[in-house]
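Line by line, the protein sequences are chains B and G. Here this note's numbering = 1-based position in the first sequence + 168. Here this note's numbering = 1-based position in the second sequence + 13.
Please keep in mind that the hints were generated in silico from the structure rather than gathered at the bench. Don't take every hint at face value.
[What the hints assert, rightly or not] Lysine to aspartate or glutamate pairs mimicking EDC-like chemistry, simulated, CA-CA at most 20 Å apart:
(1) B:Lys-554 x G:Glu-36
(2) B:Lys-554 x B:Glu-501
(3) B:Lys-554 x B:Glu-426
(4) B:Lys-554 x B:Asp-389
(5) B:Lys-554 x G:Glu-39
[Said to hold, decoys possible] Listed next, the stretches of chain B that the computed footprint assigns to chain G, with coverage defined by at least 3 CB atoms under 8 Å from CB atoms of chain G:
(6) 309-318
(7) 466-474
(8) 490-496
(9) 500-514
(10) 550-558
In this text, all values refer to a predicted model and were calculated from it rather than measured experimentally. All residues carry an ideal CB built from backbone N, CA and C; glycine is no exception.
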Amino acid sequence: MSAPSIAALQQAYRSGERRIADEVAQTLARIEASQAALSAYISWDAPAALAQAQAQDALLRRDPAALGPLHGVTVSVKDNIDVAGMVTTACSHSQDGAGAARCDAPTVARLRAAGAIILGKVNCHEYAFGGPAFDLPAPPASNPWKPAYFPGGSSSGSGVSVAARLCQASLGTDTAGSIRLPATHCGLVGLKPTYGALGLGGVRMLSLSLDHVGPLARDVDDCERIYQALCAPPAPAAAAPRGRAWRLAVPQPGWGLEDLLRPEVAGMFTAVQAQLAAAGVTLVPVALPALQALHVASALIMMAEVAYVFGPAVRADFDRYGRVFRSRALVGERIPAHSYLQAGQDRLQLTQALMAALGDVDALLLPGAASVAGPLAQVDTFYFLKEANLNAIANLTGQPALALPTALSADGLPMGIQLLGHHHQESRLLALGRALEALLAFGHRCPPSGFTPTPASE
Amino acid sequence: MADVTSGEPLAGHRLPEQADAQEQAEFQRGLAVIAALLAAQRHQAHASLQCHALAEDA
């Protein structure tokens with residue numbers, strides 16, 4: 169099953185073949201129909217979305233040249249990011265009774281300015297950290313590729329809403345992989361930009377030096393269009409490298425992937441490397457900083473920062489937080505200041521060492537997740553600290569990282585890779601992603617769910 | 014890779030009294046993981062110092 173790209177939709181709007189209001193109405197109907205099974209959204213504003221769509225249709229009829237870069241593009245927003253007139257719940261009972269946000273987060277405002285239609289707020293782990301969990305204001309979002317399976321997190325609703333065609337793209341946040349993991353588990357493209365490339369205004373802080381905001385979409389082109397709109401001024405577009413093949417670094421044997429990857433993911437990663445090499449991509453084995461050192465620095469910084477941000481509030485209002493979140497938020501209180509500072513110093517050295525190891529390659533190639541998504545269930549509260557998280561590396565180093573889908577598992581669940589690029593070279597990374605997307609040919613496949621009733625023509 | 018689940022618990026740190034025994038026990042397991050991470054960090058710093066000393070000797 170396919171789904172239309174932003175470019176295809178906008179062409180159809182421009183030519184009059186489709187109306188934005190019809191597309192939005194169909195999307196809203198899918199949201200309603202899917203909510204009990206997928207729990208993708210926390211809240212949505214159908215009247216406002218339809219009114220905006222009708223206004224955009226009218227504008228297009230008057231002046232077809234008035235089409236903005238995201239004109240008519242439906243976007244969902246993770247519910248830890250402010251959208252004017254809607255409550256930011258962060259999927260936490262601690263926000264019960266909170267008033268609506270008075271203004272959009274700057275990133276949301278930029279999407280609107282480009283013509284995007286903000287449909288609503290999507291599910292997430294509590295404050296992007298405590299989940300999946302069953303004692304929160306909304307049940308955990310479910311993977312549209314296999315209901316009752318984990319869709320990845322913490323931007324779970326972002327991944328589900330895009331994969332199930334409940335919006336065209338989504339805005340998520342990523343502190344240790346929270347954009348790229350749902351992108352991987354839902355068969356999507358997800359971009360965590362360079363640290364600081366996009367402002368975090370209007371985003372509920374989790375870990376001040378690791379938080380990022382970025383897009384999830386169904387293909388690289390859609391992802392780039394959203395990212396361009398988020399940037400002010402837009403990032404320059406990058407072409408394929410001239411006169412040479414793409415060059416990708418891969419970890420040397422013994423780095424730790426052998427112990428970390430579950431067999432099906434390991435098989436996928438080996439097959440992808442063979443496929444890329446056969447297509448002329450140069451793979452360069454590199455000696456990376458020790459995986460355990462990256463994990464220790466990343467975990468200590470994140471847990472200390474989360475405890476700093478949330479510790480006093482959770483202790484003061486313990487019952488208003490979920491069990492998973494409150495334990496995770498408080499355990500970092502026991503990290504001494506000197507250990508946090510040491511981790512920060514290690515972070516600088518590890519980042520320098522990793523970027524030096526990459527040299528002039530275009531990106532580092534890693535799996536998007538160590539395992540295929542499992543069933544939704546009460547999780548081990550501290551599972552993510554017990555083994556290295558491949559996604560957290562780019563949060564530690566601050567370099568941009570792009571998740572790409574590659575294949576389906578034997579159970580029909582998506583698997584994927586991620587590309588870790590050079591700081592502030594998102595355009596180069598996206599150009600690489602577009603090239604690999606064509607080689608790997610995962611394409612626009614959508615999950616075989618009942619919520620995608622109309623295969624769209626491109 | 015070192016096993017980070019084998020650290021010693023950090024004594025004297027508990028959740029507020031509203032937490033039940035199961036939640037307190039889970040929290041103690043979390044503290045053990047943090048302790049193991051801190052131990053791994055000390056081990057890495059020690060190894061790094063040794064490498065630095067060897068480099069200076071050379």
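Outcome of the hint check:
Between Lys-554 (chain B) and Glu-36 (chain G), the direct Cα distance comes to roughly 18 Å. Compliance with the 20 Å bound is thereby established for this hinted pair. With a C-alpha separation of about 18 Å, the suggested pair Lys-554 (chain B) and Glu-501 (chain B) falls inside the 20 Å cut-off, and the hint holds. The hinted pair formed by Lys-554 (chain B) and Glu-426 (chain B) meets the criterion: a straight-line CA distance of about 16 Å does not exceed 20 Å. In summary, the hint linking Lys-554 (chain B) to Asp-389 (chain B) is not supported, as the alpha carbons are separated by about 36 Å, beyond the 20 Å threshold.
Distance restraint check for Lys-554 (chain B) and Glu-39 (chain G): the Cα-Cα separation of roughly 14 Å lies within the 20 Å cut-off, and the hinted pair is therefore satisfied. Here's how the region 309-318 of chain B fares: 0 of its residues keep a CB closer than 8 Å to some CB of chain G, so the rule of at least three is not met and the hint is violated. Coverage of a stretch by a chain is defined here by at least three residues with a beta carbon nearer than 8 Å to that chain's beta carbons; for the region 466-474 of chain B and chain G the count is 3, and the condition holds. For the region 490-496 of chain B, the proposed coverage by chain G is satisfied: 4 residues have a C-beta within less than 8 Å of a C-beta in that chain, meeting the threshold of three.
Residues of the region 500-514 of chain B lying with their CB closer than 8 Å to a CB of chain G number 9, which satisfies the three-residue condition for coverage. Proximity of the region 550-558 of chain B to chain G, defined as three or more residues with a beta carbon under 8 Å from a beta carbon of that chain, is established by the 5 residues found.
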